[in-house]
Amino acid sequence: MPLLLEIKDLRTAFDTAQGRLNAVDGVSLKINSGETLGIVGESGCGKTMLALSIMRLLPANGRIINGEILFSGRDLLKTSAEEMRALRGSEISMIFQEPMTSLNPVFRVGEQIAETIRLHQHLPAKEALALAVEQLGEVGISNPQKRARDYPHNLSGGMRQRVMIAMAMSCHPQLLLADEPTTALDVTIQAQILDLISGLKQKNKMAVVLITHDLGVIAQAAQKVAVMYAGKIVESSAVEDIFAHPLHPYTQGLLESIPARCGQSMERGAYLKTIPGSVPSLYNIAPGCRFYDRCSFADKECAGEEPPLAEIQSGHFVSCWKYSAKKNN
Amino acid sequence: MPNSLVEIRKLTKKYTLSSGLFNPQKRIIYAVNNIDLQIFKGETLGLVGESGCGKSTLARLITRLDKPSSGSITFKGENIFSYDKEALKAYRRCVQIIFQDPYSSLNPRKSALSIVKEPLTIHRIGDKKTRTEAALEIMAKVGLNKEQANRYSHEFSGGQRQRIGIARALVLNPELVIADEPVSSLDVSIQAQILNLLKDLKNDYNLTYLFISHDLKVIQYISDRVAVMYLGKIVELALNSDIYNRPLHPYTRMLLSAVPSCNPQKKKRMMNIKGEARAEKEEGCAFQNRCSYKTEICVKMEPRLEKFDGRSFCACHLAGSI
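Going line by line, the protein sequences match chains F and D. Heads up: the first sequence runs through residues 1 to 329, numbered per our numbering. Heads up: the second sequence runs through residues 1 to 322, numbered per our numbering.
The hints are simulated quantities; they were obtained by calculation from the structure and are not laboratory data.
Derived CB-CB ranges, DEER-like:
(1) D:Lys129 / F:Ser281: 34 to 44 Å
(2) D:Val299 / F:Gly137: 25 to 35 Å
(3) F:Ser281 / D:Arg278: 41 to 51 Å
(4) F:Asp75 / D:Asp200: 46 to 56 Å
(5) F:Glu240 / D:Ser292: 22 to 32 Å
(6) D:Glu283 / F:Met100: 30 to 40 Å
Where is the CB? At the ideal position from N, CA and C, for every residue including glycine.
With the rest of the complex left out, here is chain F:
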């Protein structure tokens, strides 16, 4: 499959009252067409800001200060605002965590989908609406003709997310950014939505960036995975590798803190393993590894210099001095 999106050394900074912080701090990654890349990390690690940087939809106080985002070879950071607007919704689409706040409450859902189609495909209103209804059927909404006339508040959370997906898919994008698409949903609805996304992905041969904090969702839906911590990618590999042999102490800690991991029955009364402390503030990043003060393997060297993201095994990258040669020098 051809390379669709390549991000090189992306840095996104925010100017706030407390000073400047880098929400995304030197992220590089690649996504091929037809592939799902899972991005996993705790809240505040920069997952969402990474996605918004790709869309160039950052909040007013945020800006991209360094890097390249190559989409089909073309640098999104150098395209004009107008070109970017044409790309959004047609070639790159995004779905969000909370479908209620992303839909307009005063318009019928059919019209909202049709709007996207009208704008990008320049079709008359009637045809656009017909396509919108078809799209609703495509995402598994029964009786789409009738549902298209509903307002968002008439629909359940799962249905709203289906509407969001229908809207995102309406122009057959090559890249879908899904930011915690199932976090607000029940497990049974989550399973249905994940199946829907992966079905649409295969049918349209698009690439998906799936952002989540749930490692289970990653294991089920992604082919590749990148673990983010404090604005950086600390480990990335094929999904099978990371669950079988997690290398970074943070990834290991995340996996161990899941209750009843991998369906193995827990010993009754046993304690869960935890990662001590919490995510560091991004305002005053100390030199050295960002996981330093929470890591049980850390030693003096880790505090000195930040470890590079190095390929330890083929296709398996990790940023930790435990695996890098520098320690021996």
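Take the given structure of chain F and dock chain D to it, following the hints.
Structure of chain D alone, referenced to chain F:
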């Protein structure tokens, strides 16, 4: 037979959706529908179900924040709905709640110490000095130090705020703690810290927990017994190990197979997961529209919660044969 602390009998809470100008039909929603349930002293009873199934309504009824439409709840043999003002206050001292959202459940204008101290003031326990001592002691127990006591809630992270909420619930030395989705809004590494803490506190203070969650992994970790709720009813009630090793109700099975496994090799799901939690017919089993085992009887008759194998309870006509 273990001692039952709370006994819920034929409890029903219905809400009437008022008829509006554009919506002439009145609709009645049964948030809790004819539930019988016991909570035994010293156990952790896990209550699991999808959103809107009535878990939180049940918690509100047990804490007497709401009154039922019919049925009763007894606490140590006394009906909690016949309590007078005095008795109710005493009851509230025995039953405390930990809320889901540590952001909206703490007063932003009070320091952590005064939040934890407040229940003692309300119940007029001790004097100023002993209240502060008691509050600091429980705060130390949940992992908050003296220096943090005078900070305000916005200075704390989500996990630390939840620790404040836990300290506030425990400062009165309650017998029953109702934890309504206490870890749902926390990151997984913090969630593990809080779950370990809740486990420790239960042993140290001889607590009984009603632990409400939609997360089956969390419920599996913490519970002794598990009640599965669907559309206002309990559809399965069994020991933790039974629920996870031999789920009887098709809904329990559907829930379990919907939990994403952390093993990428196991991508195939055992069950067809379909539909949403919504009753479409008045007659028969409430789960019939999503059930893949549906037979004739399921359409006609509503199954009751019946004993199975001498220890589990399940409300399904086909329990044991599927």
